[in-house]
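Chains as they are written, first to last, in this note's numbering: chain A, 1 to 897; chain B, 1 to 108.
Read the hints as simulated data drawn from the structure, not as lab findings. Keep in mind that this is a model prediction, so the values were computed, not measured. Heads up, the beta-carbon is just placed ideally off N, CA and C, and yes, glycines get one too. The hints are all genuine.
In silico contact screen, one side only, chain A against chain B (beta carbon under 8 Å); selected entries: (1) GLU29; (2) ASP34; (3) LEU35; (4) GLU37; (5) GLU38; (6) ARG66; (7) ILE72; (8) ARG75.
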Amino acid sequence: VKKHTSSGLDAPQWILTMLRWFCPPQLHESIEGDLIEEFQVIIQSENSDKSALRKAKIRLFFSVLRFFRPGILLRNRFTISLTTTIMLSNYLRVAARNIAKRKTYSFINAFGLSVAIAFCSLIYLYVEDERNFDQFHEKKESILRIYNVALDREKWQKKDPDLYRTSAWLPAKLGEIMLDELPEVVDMTRFNRGSSATMRYGDEIFKQRVSYADSGFFKMFTFPIKVGNPHNPLRFSSDAVITTEVATRFFGDEDPIGKTFELDLNETKTFTVAAVAESPPSNSSIAFEIIIGIGNQPGFEQNREQWGSFAYPTFVEVKAGTDLSLFQTKLDTLVSKHLGSVISSWWKDDDIPDNITLSRFTFDTLPEVHLNSKVDWEQVSDPKYSWILSGIAALILFIAIINYINLSLTTSAGRRIEVGIRKTIGATRHQLVSQFSLESVVLALMSMVIGLLLAVTALPWFNEFTQKTIHFTVESFPKIFLVVFSITVLTGLLAGSYPALFLSRFQPVKALKGALTSKMNAGFTKPLVVLQFALSAFLVISSVIMFRQMKLVTTKDLGYNKDQVITIQTSAGWGDRATQTVSQFRNSVGSMPEIVNVAGTSASFNRGWAHYGYRINDTTRFAYVYRVDEQYVPLLGIDLAAGRNFDESRPSDKNAIIVNEALVKEMGWSDPLNAYLNYREDSTGLGAKVIGVAKDYHFLSLERKIEPMFLMMEDRTPLTTVLVKISSDDIPGTIEKLKATWKSLYPDRAFEYSFLDDDVSRQYTLYERWTSIMALATVFAIIIACLGLFGLAGVNALNKTREIGIRKVMGADELAIFVMLNRQYVILSIIAFGIAAPVSYYTMQKWWLSGFAEKAVIGWEIFTLSVIGGLLISLGTVTYHGVKAAGINPATTLKCE
Amino acid sequence: MGKDFLGEFEEVVLTIVGVLQEEAYGNAIVNEIKLRVGRDATLSAVHVTLYRLEDKGLVKSHMGGATNTRGGRRKRIFTITSAGMATLQAMKEARMDLWKLIPQLKIA
Chain A
1 VKKHTSSGLD
11 APQWILTMLR
21 WFCPPQLHES
31 IEGDLIEEFQ
41 VIIQSENSDK
51 SALRKAKIRL
61 FFSVLRFFRP
71 GILLRNRFTI
81 SLTTTIMLSN
91 YLRVAARNIA
101 KRKTYSFINA
111 FGLSVAIAFC
121 SLIYLYVEDE
131 RNFDQFHEKK
141 ESILRIYNVA
151 LDREKWQKKD
161 PDLYRTSAWL
171 PAKLGEIMLD
181 ELPEVVDMTR
191 FNRGSSATMR
201 YGDEIFKQRV
211 SYADSGFFKM
221 FTFPIKVGNP
231 HNPLRFSSDA
241 VITTEVATRF
251 FGDEDPIGKT
261 FELDLNETKT
271 FTVAAVAESP
281 PSNSSIAFEI
291 IIGIGNQPGF
301 EQNREQWGSF
311 AYPTFVEVKA
321 GTDLSLFQTK
331 LDTLVSKHLG
341 SVISSWWKDD
351 DIPDNITLSR
361 FTFDTLPEVH
371 LNSKVDWEQV
381 SDPKYSWILS
391 GIAALILFIA
401 IINYINLSLT
411 TSAGRRIEVG
421 IRKTIGATRH
431 QLVSQFSLES
441 VVLALMSMVI
451 GLLLAVTALP
461 WFNEFTQKTI
471 HFTVESFPKI
481 FLVVFSITVL
491 TGLLAGSYPA
501 LFLSRFQPVK
511 ALKGALTSKM
521 NAGFTKPLVV
531 LQFALSAFLV
541 ISSVIMFRQM
551 KLVTTKDLGY
561 NKDQVITIQT
571 SAGWGDRATQ
581 TVSQFRNSVG
591 SMPEIVNVAG
601 TSASFNRGWA
611 HYGYRINDTT
621 RFAYVYRVDE
631 QYVPLLGIDL
641 AAGRNFDESR
651 PSDKNAIIVN
661 EALVKEMGWS
671 DPLNAYLNYR
681 EDSTGLGAKV
691 IGVAKDYHFL
701 SLERKIEPMF
711 LMMEDRTPLT
721 TVLVKISSDD
731 IPGTIEKLKA
741 TWKSLYPDRA
751 FEYSFLDDDV
761 SRQYTLYERW
771 TSIMALATVF
781 AIIIACLGLF
791 GLAGVNALNK
801 TREIGIRKVM
811 GADELAIFVM
821 LNRQYVILSI
831 IAFGIAAPVS
841 YYTMQKWWLS
851 GFAEKAVIGW
861 EIFTLSVIGG
871 LLISLGTVTY
881 HGVKAAGINP
891 ATTLKCE
Chain B
1 MGKDFLGEFE
11 EVVLTIVGVL
21 QEEAYGNAIV
31 NEIKLRVGRD
41 ATLSAVHVTL
51 YRLEDKGLVK
61 SHMGGATNTR
71 GGRRKRIFTI
81 TSAGMATLQA
91 MKEARMDLWK
101 LIPQLKIA
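Using the sequences provided together with the hints, build the complete structure.
Below you can see the structure in the form of structure tokens.
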């Protein structure tokens, strides 16, 4: 049997050390004694076998942990060591001297850190803004946005892995029955953002987006009413609430309350301004300019009776403290009671297995709406963008920190004597560590000031790229400052910690005797340089791939000619009046020499589309449909692979279609010109005759593959857009002429136009923004990393001064010296690229290219070019020192002792 | 009683300190609680309570002898003060007064 010693040595020392960290000294001895006693008792009582020792150790560990509690911790008397306080001024003075003495290195460090801090503060603002969305509503936690998760017919047919589509557009009736039948629901409002409508006040005409809501809207949401009826501003169906901005624009300085104006919504209606509300802030998911009662929305009364019209986003307010999972169950029951049979009747022909849910209604709370990217919403955002931006900021911060560590380590030789003397006089290692950490924190704080200034300067630019309106305000600044300050101090400590530990390790005797050569062995710098390079290379390769893709997207031949085409909205609702506008306008302007052609379409590119589903031979087929006229195909220069264009002089062409090759392929037609497409599911006839086959062209964004599509001339779908092709010279003059003609023809309609190529490229705005942000981050990362490398190369050349001298005396020429100095950087760069290439390839495939159906090819040349470019940049950076060092006359370096 | 109110665990610890006299230190109190009250108290809870009682002036402490099993560390011995005795007394009486108010079960 092992005899236990009395010293308590069996008790693991590290656990007792842990206790010493936090235990007040005056209590420490008796507590430690009690713990050791407890430990010994366990060992002795359990026959001293191995397991008893283990058990005792575990018990000891947890006993110590239990002492980590306020009742013990707060008995610590916090004292500031007098020595450290007195030395503080000395530390600061030495730090300032050091920063001033090594201007190049201080500049490199401060530059890197300030850019990194500027990035961090901007991105913090972004993330904070994302998180603050919709937080201003007083009842935010009890307002639920209802949405629908439904089996998607097209996905079901194509056996897509995700069978469902999610939508916030709901039947009008759902909200009503929820309010009637669920006791938890205290209020309900539907809100439809609506579309642009013509508004007339006196002689003036405005084009204004009009939104629709139930009367409870202003009770539920916190949009303060500035003037007018604050309680129930949408009481009457002719009531309208407008924002302060709209009020100023429409009525100027006049009192807007009680003013009446006309709105064109299918028919013209008169509205009275009942209240003026503050404009919704930019971080609101719900935006509006004019709100009128939802009953005014065209088609509302019919839609209200039909479960099949999914057109009304719905919000409900539940009682505070409602159990939401229970509420979901009740909602499910309610839906199956009213809607169950309706939904299954929509799917009765499709043989859906019982275990597949057809449709489900669920909800999220108002603050969740903004970041729920599954549900389409005007202002929705994906939280992944916050993560990516934070990642970029962290990368840059990291690169800057590595600069600091590397430069401090390699220049540490110069601090040798200082450390030696301080230690001899009596400085403890602990004091030296605090001194060097303080130095890095001082530098970081200086960088913080510059960084914040940079951030303030760059904010307007940043807002533009992120589509936000973030401002530094008096209220927000303290918080931002606090966050940035914490980041800065942490950065300073992180950057300073390793150099501090390294420097404070010097032994005074060796340091002062000068036994070491001037070169200190800080082997840890090389992996750091590789890491830094790998991070930069990652950014470089990623931005090159992003640029490639953007170039492909913007220069790809879309299969039609989008240049010099102006689109004009007919602004005459959904009917014959709109269709007639096209031919009237053509007759009026067609003879102008600047006008090449005028055509009409039901939807211009990137301004909506129609997607039809229809059953042929018991399979549901889907196709995109455009109503056009006979000028459409020639105006856009769409190539026909077979057949002919529409001809308005042939009445039968009203029932004819031009299909694209993708549709021919899907239908499996061998002779498409003799085929019919019964898309109206007409049981008596054959359907529409195919008169032409258009070569595939990209009518949707390049994110999508070319899907089946056809053009038709059927009158039931009106032409809503006039396309005008103009000849190249004097575009503004031509637009003026078109506008004048429009005004004389339609004095009551606004002239709203855009350029087709702008519309098309607007589809890629988001991608372009990300490419720019990435490019900017890359440029800064490269600059910071190169500055770091520049400093490092300088120090290394200096460290090797005597070696170079000796080599030159022995006969090495300048080229050999140059190669000797720089070989390691080439090797390090290549290793770094080797690490970065697969990582960036994978990331870009996953994150960026997966968004496009038309993908840029990532070939070896991208990597080769990046490697060569990177090598050239890094060699260019180190050349200055290399050439300088290689050119020194050995006599000057060797005689120095 | 007012501000001199003691928590239930505090009362137990204070009583045990009174019971153990010169032997009242952390481990001994834990063991005594286990023995007399049948309840597992942790060392840290006992220590925190003792320090709190000391703050209230109900116990006082001095450093006692070291033993081998303690690895040479001294014990902190707690003794009950007269204020502590008075509080215990007061609490006991208050409880007895309350106890008497409960209607006694009568056996018919």
